[in-house]
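Peer 1: Listed below, chain by chain, are the residues.
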Amino acid sequence: MSTVVLLVITGLGLGALYFLVASGLSLIYGLMGVLNFAHGAFLTISAFLGWEAGRRVSDGTWWGLAVSALVGMAVGALVAALTEYFLIRRLYERHIEQALVTVGLSLAAVALFEGIWGTDPIYTAKPEWLTETTEILGARIPNDRFLLIACALVVLGGIVLFLHRTRYGLIIRAGVENRQMVSALGIDVRRSFTLVFAIGGAAAGLGGVLASVYYGYVSAHLGSVLLIFAFIVTVIGGLGSLTGAAVASVLVAVLQQFANFYLGGTGDLVVVVALAVVLLIRPRGLMGKVA
Amino acid sequence: MSRRTRWQNTALLPVIGGVLAVVGLAVLPLLAIDVPGVLPGPTYTPGTLQLLAYAMLIAALALGYRMMFGLAGLLSFGHALFFAAGAYGLGMTLEAFAPPEWPGDLIFVVSILVTLVGGLVLAMTVGALALRVTGISFAMVTLAFAQAGSVLIRRNPGGATGGDEGLSLDIEHVPSALVGVVNTRNLYWLALAVLVVVYLVVLWVERSRAGHVAAATRENELRVRVLGLRPYTVKLLVFVVASVLAVVVGMAYLLLQSGASPRIATADFTLTLLVIVVLGGVGYRWGAIVGGIVYTILDQRLTALAGSDAVAGLPAVLRVPLSEPLFILGTLFVLVVLFLPGGIAGLPQRIRSGRVRHPLEAEEATDA
Amino acid sequence: MTESILDVRGLTGRIAGQQVIEDVTFEVPATGVTALLGRNGVGKTSTVKSVLGLIERSGEVRLAGERIDGLPTHRIVQRGVGYVPEDREVFGGLTVAENLRLAERDAAPRRELVERLFPDLVERRAQRAGTLSGGQQQMVSLARALVNDNRLLLVDEPTKGLAPRIVDEVAAALATAAETVPILLVEQNLHVIRRLAERVVVLSGGTVVFTGTAHEFLDDEALVQRHLGVHDASEAA
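Residue numbers (the numbering used here), protein chains in the order written: chain H, 211 to 501; chain F, -3 to 364; chain G, 2 to 238.
Simulated from the structure, these hints should not be mistaken for laboratory data.
Treat the hints with caution; some may be incorrect.
To be verified - Derived, one-sided and incomplete: chain F residues facing chain H with beta-carbon distance under 8 Å:
(1) L118
(2) T121
(3) L125
(4) R128
(5) V147
(6) A263
(7) F265
(8) V271
(9) P317
(10) S319
(11) G326
(12) T327
(13) V330
Stated by the list, open to error - Some residues of chain H that are not near chain F, with every Cβ distance over 10 Å (derived):
(14) L292
(15) R300
(16) S316
(17) L347
(18) H374
(19) L461
(20) L473
Claimed, not checked - To spell it out: a stretch of chain G is covered by chain H in this simulated footprint if at least three of its residues, at any positions, have a beta carbon under 8 Å from a beta carbon of chain H; those stretches are:
(21) 61 to 75
(22) 92 to 99
(23) 211 to 225
Note that the Cβ used here is the ideal one computed from N, Cα and C, for glycine as well.
If we strip away everything but chain H, and leave its shape as in the complex, we get (with noise of 0.2 Å):
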């Protein structure tokens, strides 16, 4: 019982990172059809930016966290942004060629990074309490899932708010059902791409910091694994559906975890072929729009 409930609690948390990252990937693709592989260089500027500004306001703190949480919240937000103002809208409506910019936005990131940074992981400082554990039905689970699963929550509860409250939310889900009748409102779609960019930016930067905490170190391919794993997890709950994202990533990840622990270590492979069998079975995914 107790393995089951660990590989559950940590299945979560892995499931929020999940989430952190392809929330933002599944909104944009859901809004203007473009599959950004540059998001986990998103991800990755936002973890280092983040730590460097951390450690150097009070490291291993909350205090300091918090700081890195902030900072990479803002790195992702403002990096996305001039991503999509600069070479995504020059780009409108070619979707083929969007993503290929993003490809090569993504190698150069992440040579650049290991360039600055270093090709190996540099191991980080983290608060107290989060390096240890609670005991949760007999088992003993690292608090850090805890802060995880918390932030994926309130980033989800924020994004949904966003997108029932305010207008531009009220933009964002009428485009990702139809785009160019959006347009036909007489609403400039465009200016929402931006936000949109944004907005994942973002959350994929908390998902940053909160993978450095997770993983314990900051690294320039920390993106790219996590990228990898949005993918499939936006895929399986739907391109554009942003719950199809949250129930996926944990779907993913629980389902990761218990290959794991039970399968030898076939967590990857578990994963992929779930992807196979939801796209085999059920092409637009499991709460995507019809195609």
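Put chains F and G on the given structure of chain H with help from the hints.
Peer 2: Chains F and G only, in chain H's frame:
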């Protein structure tokens, strides 16, 4: 000049040019051409031949990838899987499969055949499944399969793949003419042969009825369906041919590099291919070749540049980016996509017509 | 003829590089309903979409004398063009109220008018538009256009696939709207055309083949037969 002879000339020109290029490349190891800054040494030296052979293999791989992406519009993120299947497949077969009573050369040939058949089965399986979905979903399924392959190789099941260390070639049954630095020349010729064969196969597919249907499918799937043709079958054919070609190139790669590293199975490796194809020009067959060779040599030379004293002496703002070849290549790629649709191969056409051309548009434009 | 609100000259439209309408020229007068007619697939919807810039187009389009053919869709709409698309295209995941709120451009949207015309929608404010019947969705789509004070309405097949009773309701709403705003109406139902339209523009093979009053056209059975492929009015359905 009458119209007719002119037409014949323009049709023959690429063929003559192609033959000359192949002959030129074939005699290169016998010459001592030195291109400072581009090649590491004179053309007969093993180091240079190794680099050129590698560039030609990458070009051959890119050529197959271009056929899928440019001709059939299939954006696959899993091409590395088949390349790795060729390299690792041959490596593992050579190690595991050795009936003592068989002569070494026979084992070598049979190993190649086994790898080819294995690759064919893999390609048909992956293709048949992945092609049930289209567009981005297709890209994702291929990515997923490739990721599975990549994970498997790193896991090192039963010590077969060497995990992160990579697999080194077991030379026991490899013909001696293909082993060792002294025989780099032969490996170079092998790479050239692979490139030529891949080119001819790609040309044959593109010129065939299936190739035309594939191109039509890319433009307008509905219309092809209306004509009563099955896009699925044609796309599967293109996918399988491109994948088996990747297996062949992978085998040559194993021999050339005397081993294989897990890097060649990663999504990043496929992305590199995509970069090469776009850099060279999606609309042109020879674009993939130019892209492959330019990319490989740039990559190698930029790495050399990164380690040079000239760069080490620069201030950090310049030194850090310049010491990362992938940063420069990635940036270059972004610029090409933004400002040079059509890639390097599209340049002459662009200069001539002054028109911005969509990269997927120029199918039989200049190299037919 | 009175001054025209919409003036289309040599309009050519393309979808995925393929030409769907060629050199279309016609005018929409500043009052009343102008019907855009033709068989299926002659390019009526493409014409409307080209005017709005929803598909790639070239040629001249003037709204009240000003060129709008270079503008992006949202700017054209902001200049006072209401659009009721074919197949309604309501946002299924949004509520009725959200669909309408999204459409409101004016500082003082005409909510009372919409509520008066479509009392059904008031009750269903909080319902998701995707769960409405086809007729109700058409009401939402019309309401989205009528909630603003437009200079022109482009209405594409508003009665398609609707029950006769709903067709009447839609026609009545359009008649009310037509009192204050000129309408370019794409319509197959000849009853509705007879009831609403003063002028007709007939397309065939992607170009305009007839322009004139509704009576001139509808009373000439041979003409109707040739261009719409139906005998008189009544039994189009």
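Peer 1: Which numbered hints turn out to be false for this structure?
Peer 2: 1, 2, 7, 15, 16 and 23
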